[in-house]
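Work out the full structure: start from the sequences and follow the hints.
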Amino acid sequence: MRRLLTHFGLSVVALLLSLSVIAQQTTTVSGSVKNGKTKELLSAVSISVKGGTAGTYTDDKGNFKFSTVQKLPFTLVISSVGYAAKEVAIKENNQDVVVELETAFTLGDEIVVSASRVPERILESPVSIERISTAAIRNSPSANYYDMIANLKGVDVVSASLTFTSVGTRGFNSSGNTRLNQIVDGMDNQAPGLNFSVGNVIGLTELDVDNIELLQGASSALYGPGGTNGTLLINSKNPFKYQGLSFQIKTGINHVDGSQRPRSPYYDWSVRYAKKINDKWAYKMNVQFVQAQDWLANNSGNYLRSPLSASPNGNVVPGTRLTDPNYDGVNLYGDETNADLRGAFAGVIAGNPFLALLPAGTFPGITSPIPIPSSAVLGSFANSPLYVSRTGYNENQVVDPTTLNVKLSGALHYKITDKIEAIAAAYWGMGNTVYTGSDRYSLKDLKMGQYKLELKAKNWYVRAFTTRENSGASFNSTIATRLFNEAWKPSATAWFPQFVGATVGTASSGAVGTYIGALAAGYAAGLGAGLTPTAALTAAQAAAPGVVAANRINILNGARNVADAGRPTGFIGNNPLFQQIAGTPISQGGGLFVDRTTLKSLEAQYNLSDDLGLSEKGTDLMIGGNIRQYGLNSQGTLFADTAGNINITETGAYLQISQKMFGDRLKITASGRYDKNTNFKGRFTPRVSAVIKLAQDHNLRFSYQTAYRFPTTQNQWINLLVGGGTRLMGGLPQLRDFYNFNGNPAYTLASVQAFGASALAGAPNPGLLQQQQFGEFKPESTTSFEVGYKGLIGKRLLIDIYAYQARYKDFLSGVTVIQARAGLPPSPLNVLSANTRIAYSISTNAPGSVDVKGWGASLEYLMPRNFSVNANMYSDVIGALPVGFVSYFNTPKYRFNAGFANSGFGKDNKFGFNVTYKWVDTFEYEGTFAVGQIPSYTTVDAMVSYKLPSIKSLIKVGGTNIFNKYYANGFGNVQIGGLYYVSFGWNVF
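Okay, so the sequence shown: first residue is 1 according to my numbering, each after it adds one.
Everything labelled a hint here was simulated from the structure, so no lab data went into it.
Among these hints, one or two may not hold up.
In silico lysine-lysine, DSS-like type, Cα no more than 27 Å apart, as pairs [to be verified]:
hint, residue 1, residue 2
1, K452, K86
2, K660, K809
3, K71, K39
4, K693, K795
5, K34, K86
6, K456, K275
7, K280, K39
8, K86, K65
9, K853, K809
Encoded structure:
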């Protein structure tokens, strides 16, 4: 792979050195472009030679100048989104041109590329697609452009923290969604080791975003593995087109009610500078800084984990720390460590028949000593399982609340000829945030960089890029806190023995004290009822064990206070002992994960239509391919790579052909792609679509799509011990061999629980144990049928409707199995004790297939005087599931969005506003971290703006979730409140 990238770089240099421009007579044209109504100068307006390739864009002052070898006379085409195009005749050299453009309706005229990898009107797209323009970003009430995506039709988001949001479509949403490709300036934006897209961590700065396109549904046929549920493309601004210095200062406040954290400031500052040096060279630089106090994950629900839970990922049960000795709070960490103390109390009973002896005369009338039987005192603690957990810490005691994000990017563009452009670009970001996976991960000093070399022309491109990942000081909050508990007081040798001892107690404490107190009270009551001393004592001795049992939780809570003596309190994140643990790699007994995984990619695409003369016949033919290599490097903290880096290579190629028929009334497109991964067999994915033009601006679309995704790098090679003592394990057979699944069988969770029930009943039956069977580990695949309509009525009302049905096979999921720990004397009973067993959560393909269907509809209406309204509603539903199948569908049945806006009103149309409303239905959220119900919620975002045309600037005052109604969109994730801001953007038009 390194050789390929080296050869590519050398080829670029050779091409730049070998190309020369033949001296010809040139014509220079200059001028300016204005808004015909307001007379303000317009930037980023396209100036092109009709029928040629030469051209330029107006700069940030509305001026342009370029030279061309086109023979006089020729015609210039002046065009910009939102304005009617104009043509101007050029008859002489150095002709000065002043053009005024008139505003025009633009609904349905947007050009999209992602649907077919060729430019086409969004009205004529063969599949469902959504687009966000730079103007929409500018007029949005959202705090950042990434949050805007949540209001698009068909979209769901999962927010693990303020700056970490994952996008999904058509179901199967999660924190770090791996079923949706995210591509930034042509580069796959997924972290190659951590397996989540980092578009809002190291992606484009807000001022540099040109447009966003969201392709819903299966898209692997053109975009490769991972696009089972869609592809998101974010494109930056070209410095030849968007020039000058721009900056945006946004400051605000969150936690306004102080219920989660104290009221806190919010900062978001961006700067962009781009310059066209001449007709050949241009460059740009961007920087963005974001800092705030993060939202808080504070779900205190009591969580029962596997294997005690019948659910593979656990479930919420009743109880609090004061009512359940095995309490494990969803967002409390360290309390995952537990033990069944029934055996310890049984051992006390067996070794000490009597716990105390009350002297004769303790009770009036009793002349002999009174023994205190251990079975009477501790029977309620020893006759059934008694799981007790360590005391945990809230997330705000463990994780630094300051979320930070710094983005830097830059690009150098060189026009080799009028038709060929070379680009060298770099994107780098770092920050602190929180991610939810199998545990909550504090991402501290996370750094990622993407670096690109690209040659592109109208019909082809060649692109090489690399992604470099550095996890910095990131740590697993759950593991680090469990280890911290062990460090300040070890469980096995100190905390649990102290807990047991305090539970047993003394004559004035614990179970013994409770028993003696009950004995005294019962004896006095018996005498008061007229019983003889002997009869009263007998009655009291019979009743006392029940009193101990009734006060069991109080006794256990008192014992916890004793065992917790010396427990560090407050924010332990600053505790030197905790910092030492969080800074020690997981592979060395700490909580730090060390990830330096890399991705190298080389890809190319060529549209042959013009060269083969096919365009004239309405035919379009395109080919492309790529090769990429992952280099897994976690030093044993995430992957099974303690012996060295693990390399995975993927190759792919695709072809697409489309044909217009019947006078452009029908367009049929067929495409196919073949991909191969080092660890899996090759896959072919076809796609066929048809667009029928019912009338001008009214189109009906049909598509049959297939998609697949290779198991992620973690699905393949993860080897990580997580909270609750479960080991996450990749699905490749090499890992099962390493843990000796053949010699030391791993049993299904259900069969271990059945065996445990038989043991509790006094008749252990090892025959109930069933060994887990593993088939071939395969890529997941899906097929999808879709029908849709998109139409424009009266140039003002845009309607889009779709319906689809999809089927998933070889669904990538996980299975929990139980294995006896290595090195123990063989015994089936080993799988019943937490001290002698280990649980594995292993990536595998679920049997059978899963069906999903859904629909969506949207309306957008342009009203007089720059008012507009929009609304969309959509639904996704999963079909019947096989028994025991965990789908991670995580999708509400219904969602609704609506907006009301004005882009310009008042004097000189300088004022604007935008209000958006969102409603989400209740749904069940399944994650490897936790499973639970997400209540229905609504949010309202709003902003008002004021334009300063003379300096092309914008003032905005707004807020998100302005009524501050806290909600979560993923179980165990943060509770999101209101964020209020004011911003000033300079030179942003």
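Against the structure, the hints:
1. K452 with K86: Answer violated: K452 to K86 is near 36 Å, above 27 Å.
2. K660 with K809: Violated. K660 to K809 sits at ~34 Å, over the 27 Å cutoff.
3. K71 with K39: Roughly 32 Å between the alpha carbons, so the hint for K71 and K39 is violated.
4. K693 with K795: Measuring from Cα to Cα gives roughly 17 Å; hence the hint holds.
5. K34 with K86: Holds, because 12 Å separates the two Cα atoms, which is no more than 27 Å.
6. K456 with K275: holds, 20 Å
7. K280 with K39: Violated, because 30 Å separates the two Cα atoms, which is more than 27 Å.
8. K86 with K65: Holds, at roughly 17 Å.
9. K853 with K809: holds, 15 Å
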